[in-house]
Amino acid sequence: MKFTNFLTVVLLANGVAADLVNRAICTLRDVDFVHDMVNDLNTTTIACNRYKERNTGDKQWDQCPDCIMDSNGVSDYCHSPGEHIGVKEWGQYCTEAGSDSWYTQGK
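For the sequence shown, the tail end lands on 167 under my numbering, and the numbers increase by one without skipping.
The reader is advised that the hints may include incorrect statements.
Pairwise CB distance ranges (calculated) [said to hold, decoys possible]: (1) D118 x R89: 30 to 38 angstroms; (2) D118 x D90: 36 to 44 angstroms; (3) N115 x R89: 17 to 25 angstroms; (4) D90 x K119: 32 to 40 angstroms.
None of these hints come from the bench; they were simulated from the model. Glycine is no exception: its CB is placed at the ideal position from the N, C-alpha and C atoms.
All chains should be built: construct the whole structure from the sequences, respecting the hints.
Below, the structure written as structure tokens:
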């Protein structure tokens, strides 16, 4: 699914500086150069499922019991209402799933 709505990309990119976020997507470079990036539903789903299974300690970002795939009508994304998604950790899961980059957004 292509990320055709530039506003969505901008809104998702705003949370990149935060350590913990509640929405995240994995992206790929657009091969036809119509858009800079495209939302990669496959790698986002893989990363979201892996993050949900994560249990690496007792910090908020070490577990994500509320991680689910969700949609805002324009794009599908991994959603954690309790802000359990760590930006650095999310990037690692996207990379491992085969993604070029990622966007995150806080509340």
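Evaluated hints:
1. At about 37 angstroms, the beta-carbon gap between D118 and R89 stays in the expected band of 30 to 38 angstroms.
2. The beta-carbon spacing between D118 and D90, approximately 40 angstroms, falls within the hinted interval of 36 to 44 angstroms.
3. In this structure the hint that N115 and R89 lie 17 to 25 angstroms apart at CB is violated, the actual value being about 32 angstroms.
4. Remark: the range hint 32 to 40 angstroms for D90 to K119 is upheld by a beta-carbon distance near 35 angstroms.
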